[in-house]
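With chain A's structure known, arrange chain B on it following the hints.
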Amino acid sequence: MNETKVNKTVIELATFYVGDALCGMDILKVQEINKLMEMTKVPQAPEYVLGILNLRGQIVTIIDLRRKLGLGTTNLGNDPRNIIVNAPGEHIGLLVKSISDVVMADPDKIEPAPANMSGIQGTFFTGVYKTENKLIGILDTKEVLRLETENINRV
Amino acid sequence: MSFEDDEILQGFIEESLEHLADIENDLLAIEEGGANIDVELVNKVFRAAHSIKGGAGFMGLSVIQDLAHAAENVLGLIRSEKLIPTPDIVNALLLASDQLQQLIEDVANSNSADISANVTVLNQIYESGESPKSAEKKPRQAKESPPAPEVTSEPAATAEEEPADKGQHVPEESSTPVIEESAPSPEPEPVFEPEPDPEPEPEIDTLNVVQDKSPAKRSTPKAETSIRVTVSLLDQLMNLAGELVLSRNQLLQTITSGDVRNAEAVGQRIDLVTSELQEAIMLTRMQPIGNVFNKFPRVVRDLSKKLGKQIDLTIVGKDVELDKTIIEAINDPLTHLVRNSVDHGVETPDIRKSKGKDAKGLIVLKAFHAAGQVVIEISDDGRGIDGDRIADTAVKKGLITQEQAKVMSEKERINLILLPGFSTAEKITDVSGRGVGMDVVKTNLDQLGGSIEIESEVGRGSTISIKLPLTLAIIPCQIIMTGGERYAIPQVNLEELLRIPASRIKDRVERVGDAEVVRLRGNLLPLIRMSDVFDIERTYYDYQEESFKPDRRENVADRRSKSTPLFREKDTQPEPEQEKTGEEQRSQNRRRSPSSALNIVVVSTGAMKYGLIVDRLHDSEEIVIKPLGRHLQQCQGYAGATIMGDGRIALILDVSSIARMAGLTSLEGSERANELAEAAKDAITKTRDKQALLTFSSSPQEHFGVPLNQVERVEKIKYNDVEEVGGRRVMQYRGGSLPLVSIDEVAMVQPLPDQEDLLVIVFHLAGKDIGLLATGPIDAIEISADIDEITLQQTGIMGSAIIGGKTTMLVDIFEIVQTVNPQWFEDQAVGTSYDEDAPVPTILIVEDSNFFRNQVKGYMEEAGFNVIEAEDGVDAWQMLEEFFAEIAMVVTDIEMPNMDGFELTEKIKTHPTYSALPVIALTTLAADEDIARGKRVGVNEYHIKLDKERLMESVHRYAKESMPSGR
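Protein chains in written order, with the numbering used here: chain A, 1 to 155; chain B, 156 to 1122.
Source of the hints: derived by calculation from the structure; they are not laboratory data.
A couple of the hints might just be wrong.
In silico DSS-like links for lysine-lysine, alpha-carbon gap of 27 Å or less [claimed, not checked]: (1) K461/B to K510/B; (2) K1090/B to K1064/B; (3) K29/A to K781/B; (4) K142/A to K781/B; (5) K781/B to K41/A.
Beyond 12 Å from chain B on every Cβ pair, some chain A residues (computed) [stated by the list, open to error]: (6) A21; (7) D26; (8) I33; (9) G72; (10) N75; (11) L76; (12) D79; (13) P80; (14) M104; (15) T126.
Going by beta-carbon spacing under 8 Å, a handful of chain B positions derived as facing chain A [to be verified]: (16) F689; (17) K781; (18) C790; (19) Q791; (20) A796; (21) I798; (22) A805.
By construction, the Cβ of each residue, glycine as well, lies at the ideal position given by its N, Cα and C atoms.
Chain A with its partners taken away, still in its complex shape (with noise of 0.2 Å):
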């Protein structure tokens, strides 16, 4: 019963570094992490779309988290990782540099966002979580995996 409760009122983040900020998503939304590169490039796809993939007789789609967020084209290590989350009707695949652990977050220690972090924008997350040594930034899935028609549309 207890831990439920603790449960319900710490959010376990999973991080992860896009170039070199760390980022963290709830864990929850993702569905699986894997190294799965053999990707198929779709030709006209939108530009931050790297490409295709299978995942098990389901097409995934990746997505180059740093070219979303603006952070250009750093190098991607030697670790790559793809985050797979739920998105409506399909997967979608993160493309992260690394990953990194899950951190245990106290919702109350989590922080609104600055406009501007890290270079990034700050539309793409809903907060910044403060630990001892680092911050990292929360990313709002709904805002990463929307189409960026969309995002014109919205504004």
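Below, chain B without anything else, positioned relative to chain A:
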């Protein structure tokens, strides 16, 4: 209103829609039955209406409930045989069921819908049925729609007087006006808690709109989101899934134990279970075609009433099952075809009678399996399709030519109806013939991977057969590769695969404007380079290194040369220098390797056909279509994706959107390409000189040609006619001796064979006749082919050309005679001796063809003149301005690009200082008018091309004349 439980609501909707689907056909059956009421049937409809009412009441859908209730009341009367189901009444019930369907499809807004019109009509019927004398009610309706039919009281009338009340049907079917007028009636029946109608007018409008739209709306039902599957099938699936799990466990065990033999068995088992599972799952997608067919009785009924026709519809094979997606997609084309049959096929009763047919037409809708496909046939016994008329119309509309029409079979003519832009309807009705027609049907079917075929006999009727695949989920595809990625092209779109070897690209691929086309069996096929459309880096597959390399060519023709037939003459010159760079050098080697072959996938979609240039062609495979994610929906050109055997993904290409992306629009694109190509062809033949040649042989393997205008005549002789006198071969000819030569005396060619029949080609040179011995076959042809003056050039042979697929050597008769009889030309040589001190005269040769220019230049230089060359009039003018002081005369071709010979001559002759220059025109155009024109602009002499002797004679003459002038 809030719907607490979506599932219950969804259940209600599905159930109700099912009921409604049945109601429609049952009502039609009831109508047919007339007075002989089938109580069982009426009961069924009654129960259906009742359960809709009940469900709606439970869900709080009061409007639906009311309407169902009103319908139920009327049905109750019919059931208790108090009311005879006339077409009128059935119509009202049908309209009510339509309305119900709409309401149920849009449940959320159903309570705010206005149904008073339907309810009023039903209530009137109900009341009239309640009162014993139903006829009493009729006058009331009559008031509202004056020519109201009096059918109700006499049940027999409906059945028997069908032809007679055709006229009455017209006003009657428009029970809409009846409703219209009754709708705003201020006293809606109080019994059925009327909706408050503060604004009656807009309601009428909406009502009308709804009713008008209803047929159209029905034809595009909402895509179903749920599907009903029999429990037994589900059980089967469950079993198979269980099997699969068991097999997996076995497999895992085997893998751990490393038992190879067992692994094989397990593998087989999994294979079996998987295929069974696949089949079973496919079955869940299968639906009876009856789902589509069922609506046609109504369509035919309504339409035939409207058109005053009598038509029976027979449906066969309702149980034939098709994939759900196909069932949904086939709806529109089928509706169109059935409506066509009713509108254009079946005649009106009087016409039918006059032709000795039954007044009632028959349309048969039939579905059956054949050869792994489902065939749907729509046949009628109407007037049939007149192939000749179709062909006439097609010719008139410019879709085909008269000649094409002539050679077409009757069946082909009939199938012309499928061409875009074809509509035979003589009068345009609102039923069909709106300019869109069968081509849309065909396009729709093409998209489904189906085909359509029409058979017809004038006066007897027509049959349209549609063939459809059972499913769309698995489709055969051609796998291709471009830019290192694989793509799949549905086999349905695939026409053929074309591979043009590197050496043939020049001949086959041409540029028309900025479009590339390929000649395919006489037709021009527009080409689309896949890498361009998709903006992929161009690559080519290197077979030696087995890898893809970037490709730098600008266009296809660049593979071998920049020149195309259009620009050949101009571009061939600078090319060699350009290509000396290292990079190009490599590409030149590549040109000869297999990797520069063009791989073209010829695809078609609807009426459009084009070639897609890809890097590599792979196998054909059966693939499963998977949708692309949301982020990729905006990308054009893809129909989805599929997973290949190696686990990687290949994108499936959408052939029609690729055409759009490349700017090809249906027929226009290819037609335009055709037109342009024709123009280009004209331009080619215009800019290039045609040369008339006499072709002959002198040995079985070798073929020769001489310019026809040099030939005096051709004699057939026997071998014995040739006499060897004084070391020379001669023959008797016109009372004298004709010296004979053969090519092998001079040139390194095969000797003349020993044969009885020989030919002598007589030339007239230097005032004498000479005969060239040859053998047949001889032929006179006009060529505009390229003349190669290098490869086979030798003494007596000026070059070669490919004529009729054979390498033909062009004989230089002057050289031959000069070699054999040098003394013949000595007179002229004497005549050409100039003063040693005087400068050698310079001649400007203007000629666009390399071959002729070199030829003439050769003659001149041989005779000791200096030569300046120019490629065309413009070039020549520049030369003239630069070197005027040296130039003694101009020898010019007539047919040239940019500035032709006439123009050049005119320019020279009207110029104050140049006008004294003699101009000799060389031409293949020997027509009188050309000569006249030449004279008019000031040409001094006119010579037929390559009549060396006469040309040189006049050149010498003019050269001498110009000498004294001191140039």
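Each hint tested on the structure:
At roughly 22 Å between alpha-carbon atoms, K461/B and K510/B fall within 27 Å of each other, so this suggested pair holds. Of the pairs offered as hints, the one joining K1090/B and K1064/B holds, with about 11 Å between alpha carbons and a cut-off of 27 Å not exceeded. Annotation: proposed proximity of K29/A to K781/B holds, straight-line Cα distance about 24 Å (limit 27 Å). A distance of roughly 24 Å separates the Cα atoms of K142/A and K781/B; the hinted pair therefore holds under the 27 Å criterion.
Our distance criterion of 27 Å between C-alpha atoms is met by K781/B and K41/A, whose separation comes to about 16 Å. Here A21/A stays apart from chain B, with its beta-carbon at least about 22 Å from theirs, past the 12 Å limit. Separation of D26/A from chain B is adequate, the least Cβ-Cβ distance of about 21 Å exceeding the 12 Å criterion. Residue-level check passed: I33/A sits 18 Å from the nearest beta carbon of chain B, beyond 12 Å.
Listed as a non-interface residue, G72/A keeps its Cβ farther than 12 Å from every Cβ of chain B; the least gap is roughly 20 Å. Every Cβ of chain B is farther than 12 Å from the Cβ of N75/A; the closest lies at roughly 21 Å, confirming the non-interface assignment. With a least beta-carbon separation of about 19 Å from chain B, L76/A lies farther than 12 Å from that chain, consistent with its non-interface assignment. Against the 12 Å criterion, D79/A stays outside the reach of chain B, whose nearest CB is about 22 Å from its own CB.
For P80/A, the non-interface assignment is confirmed: its Cβ lies about 18 Å from the closest Cβ of chain B, beyond the 12 Å cut-off. Against chain B, the non-interface label of M104/A holds: every CB pair exceeds 12 Å, the least being about 32 Å. Separation of T126/A from chain B is adequate, the least Cβ-Cβ distance of about 21 Å exceeding the 12 Å criterion. A hinted interface residue such as F689/B counts as satisfied when its beta carbon comes closer than 8 Å to some beta carbon of chain A; here the least separation is about 4 Å, so the hint holds.
Checking K781/B against chain A by beta carbon gives a least distance of about 5 Å; that is within 8 Å, so the hint holds. Taking 8 Å as the C-beta cut-off, the interface hint given for C790/B holds, the closest approach to chain A being about 5 Å. A hinted interface residue such as Q791/B counts as satisfied when its beta carbon comes closer than 8 Å to some beta carbon of chain A; here the least separation is about 7 Å, so the hint holds. Among the interface hints, the one on A796/B holds; its C-beta lies about 5 Å from the nearest C-beta in chain A, closer than the 8 Å criterion.
Look at I798/B: its Cβ gets to within about 5 Å of chain A, closer than 8 Å, so that hint holds up. The interface hint given for A805/B is met, as the beta carbon of that residue sits about 7 Å from the closest beta carbon of chain A, less than 8 Å.
Going down the numbered hints, you'll see the structure goes against none, and every one checks out.
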